[in-house]
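Taking the hints as your guide, dock the two standalone chains into a single complex.
Residues per chain are reported as follows:
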Amino acid sequence: MNTTDKLRELLVPVLGVASIDDITPESALVNDLGAESIDFVEILYLIETEMGVKIKIQEIAMTEYSSDGNNLEDGKITAEIAEKLNRDFKTERFKEGLTVKELFETFTVNDFAVIIDRKSEK
Amino acid sequence: MRFILVDRIEELKVASWAKGVKCISMTDEIFNNHFPGYPIMPGSLIMEGLAQLSGVLFEYSLITLGHNHKRPVLTLVNKMKFRRFAHPGDKLDYHCSVKLFYPDEYAVATVTAKCEDKIYAEGELLFGFADILDEKLIKISAEALESVLKNTIIVASDESHI
Numbered sequence: 000m001n002t003t004d005k006l007r008e009l010l011v012p013v014l015g016v017a018s019i020d021d022i023t024p025e026s027a028l029v030n031d032l033g034a035e036s037i038d039f040v041e042i043l044y045l046i047e048t049e050m051g052v053k054i055k056i057q058e059i060a061m062t063e064y065s066s067d068g069n070n071l072e073d074g075k076i077t078a079e080i081a082e083k084l085n086r087d088f089k090t091e092r093f094k095e096g097l098t099v100k101e102l103f104e105t106f107t108v109n110d111f112a113v114i115i116d117r118k119s120e121k
Numbered sequence: 000m001r002f003i004l005v006d007r008i009e010e011l012k013v014a015s016w017a018k019g020v021k022c023i024s025m026t027d028e029i030f031n032n033h034f035p036g037y038p039i040m041p042g043s044l045i046m047e048g049l050a051q052l053s054g055v056l057f058e059y060s061l062i063t064l065g066h067n068h069k070r071p072v073l074t075l076v077n078k079m080k081f082r083r084f085a086h087p088g089d090k091l092d093y094h095c096s097v098k099l100f101y102p103d104e105y106a107v108a109t110v111t112a113k114c115e116d117k118i119y120a121e122g123e124l125l126f127g128f129a130d131i132l133d134e135k136l137i138k139i140s141a142e143a144l145e146s147v148l149k150n151t152i153i154v155a156s157d158e159s160h161i
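Residue numbers (numbering that gives the first Met the number 0), protein chains in the order written: chain W, 0 to 121; chain B, 0 to 161.
Calculated from the structure, these hints are not laboratory results. One or more hints might be untrue.
Over the 12 Å line for every Cβ pair with chain W, so calculated as not near, a few chain B residues [as the list claims (entries may be wrong)]: (1) Phe2; (2) Arg7; (3) Glu10; (4) Ile29; (5) Gly36; (6) Leu44; (7) Met79; (8) Lys117; (9) Glu121; (10) Ile131; (11) Lys135; (12) Ile139; (13) Ile153; (14) Asp157.
Here are the in silico distance ranges between beta carbons for each label pair [unchecked claim]: (15) W:Thr90 - B:Gly65: 37 to 45 Å; (16) B:Asp92 - W:Lys83: 48 to 56 Å; (17) W:Thr62 - B:Thr63: 22 to 30 Å; (18) B:Glu145 - W:Arg92: 44 to 52 Å; (19) B:Pro87 - W:Asp4: 46 to 54 Å; (20) B:Ser43 - W:Lys83: 44 to 52 Å.
One-sided and incomplete, this derived list gives chain B residues near chain W with beta-carbon spacing under 8 Å [to be verified]: (21) Thr74; (22) Leu75; (23) Glu104; (24) Tyr105; (25) Val107; (26) Leu125; (27) Gly127.
Predicted model, so just to flag it, every value in this text is computed and none were measured. In this text, a Cβ means the ideal position worked out from N, Cα and C, and glycines have one as well.
So here's chain B without its partners, still in its complex pose (with noise of 0.2 Å):
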């Protein structure tokens, strides 16, 4: 499987807020195990897919306000809280807003987790920012960023939060 969780970033606001999609499919291996005949999205998925949508948020911002290309890490989870069980055919609407952001430092996140407006998931997950050494690194990772943004709505700062 590939280990991306968020199937579409659809807008982002530099240091304030992301929007991503994940549908959630049954041709997903996982499904083969978790759970035989009972398919439900593992929490955990739905967790790594907003930190992967908060860490692209970061990482675009860093770049951004002109600060060195660094990689977000997740170092807590606070307060996450799974609601509801999401199955194959939910569309889960990944919503991040930035509480905290240092950028020599570090960042916090609100994010959620949403299907038909009722919250599946929610919580707040903070990250370190990790040097990237390498110079072919950082243009791999540079890469890899445009490409996820590839479809997004970059919000200029000046319209108010959605």
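Next up, chain W with everything else stripped away, as it sits in the complex (with noise of 0.2 Å):
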């Protein structure tokens, strides 16, 4: 089973959802599925206990993107840094000119296996 199943399986309880197909991988953690900033605390301790991984909460909010004051402009991100969103988590949906908060509302399934992905192989 890839990253992104595993993830969407164990996502199921703690989101409280009827089916693993309300889950889909390109489905974001806030906006879609309701996640509150106290499920993510279950969500990266199950991610530890289940998969071996140690994520940070920094790393979803992808305060590596966004914490260095160049990579902003009026707290929104660069077209420079959308490219670099867009390379690293293989899509297209970065824009420029997101805000912060928009970036950890729109966080995708996806976009937290790759974390996971590029977190194991290290």
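Quick look at the structure:
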């Protein structure tokens, strides 16, 4: 089973959805699945115990891409960072002008799997 | 009733473990209804006492280790089992052992409640850490923590686990 599917399975009881089909790889944890900050504690713990990978909440909040002032203009990500995000997460959905809050709210199951894979390779 | 469900925190070792005591008394109003003529301490309240003990341990550990004063919030109860009925007259020994402690993120404690060395309840509790935004509330929390640890022996970090 690949990381995305394993993650979808783990998320079912935490997010209280009826079936694994309600969680697609493109679902955003906060915006689509209604995850609250308190849920992330449980999710991160489950990933650590079930998959043996320690993920920090900062990684999900994408602070790596937004904490440096040069990456932001008026609190929004620059075109350069959007491009880097698209490259790192193998997607095209990141656009210049996303706020830090929007980055967190639109964080998808796929993005999560990319971080887990990246970490477990190390 | 006062929602303080651990009578005394006896010993504590920062980021490691804590020991507390809960004496169950027939004077507790809970026994009017739980159950009429058959008083047993609700397992949920034993668990809350264990959570309070763990919360104090994590809150004190955060401060002692130089992190911001945050409020540990119970987020998940895992594998909790209630093995025996606790009755008035029982003295429950609560023990909390730190399984994971990430000061910026979350913490996990393994907890047990024993009476005369028999396990009454055991499980695993997960806590998140909530910011206390108001200076006044930080002060109140610090005072509450000080008062609850007034008679507690703080074990030095180089002493071995009990």
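Item to check | Distance restraint evaluation - threonine 90 (chain W), glycine 65 (chain B), Cβ atoms, bounds 37 to 45 Å | outcome: 39 Å, holds
Checklist entry - Taking 8 Å as the limit, does the beta-carbon of tyrosine 105 (chain B) come near enough to a beta-carbon in chain W? => result Check passed: Cβ of tyrosine 105 (chain B) comes within 4 Å of chain W, closer than 8 Å.
Next on the checklist: If we take the beta carbon of glycine 36 (chain B), is the closest beta carbon in chain W still more than 12 Å away?
Outcome noted: 39 Å, holds
Checklist entry - Is arginine 7 (chain B) truly not at the interface, in the sense that its beta carbon sits beyond 12 Å from all beta carbons of chain W? => result Nearest chain W Cβ is 29 Å from arginine 7 (chain B), so the label holds.
Item to check | Per-residue hint verdict: leucine 125 (chain B), partner chain W, C-beta under 8 Å | outcome: 6 Å, holds
Item to check | Status of the stated non-contact between isoleucine 153 (chain B) and chain W (beta carbon gap over 12 Å) | outcome: 27 Å, holds
Checklist entry - Going by Cβ atoms, does glutamate 10 (chain B) stay more than 12 Å from chain W at every point? => result The claim stands: glutamate 10 (chain B) keeps its Cβ more than 12 Å from every Cβ of chain W (closest is about 27 Å).
Item to check | Check on leucine 44 (chain B) being off the interface with chain W, judged by Cβ distance over 12 Å | outcome: Consistent with the label, leucine 44 (chain B) stays out of reach of chain W, its closest Cβ about 22 Å off (over 12 Å).
Next on the checklist: 44 to 52 Å was suggested as the range; check whether the CB atoms of glutamate 145 (chain B) and arginine 92 (chain W) agree with it.
Outcome noted: 50 Å, holds
Next on the checklist: If I claimed the Cβ atoms of aspartate 92 (chain B) and lysine 83 (chain W) lie 48 to 56 Å apart, would that claim hold in this structure?
Outcome noted: 54 Å, holds
Checklist entry - In this structure, is the beta-carbon distance linking proline 87 (chain B) and aspartate 4 (chain W) contained in 46 to 54 Å? => result This hint holds: roughly 51 Å between Cβ atoms.
Next on the checklist: Please check whether the beta-carbon of phenylalanine 2 (chain B) is more than 12 Å away from every beta-carbon in chain W.
Outcome noted: With a cut-off of 12 Å, phenylalanine 2 (chain B) remains clear of chain W, as the shortest Cβ separation is near 20 Å.
Violation of the numbered hints given earlier is absent; every hint is satisfied by the structure.
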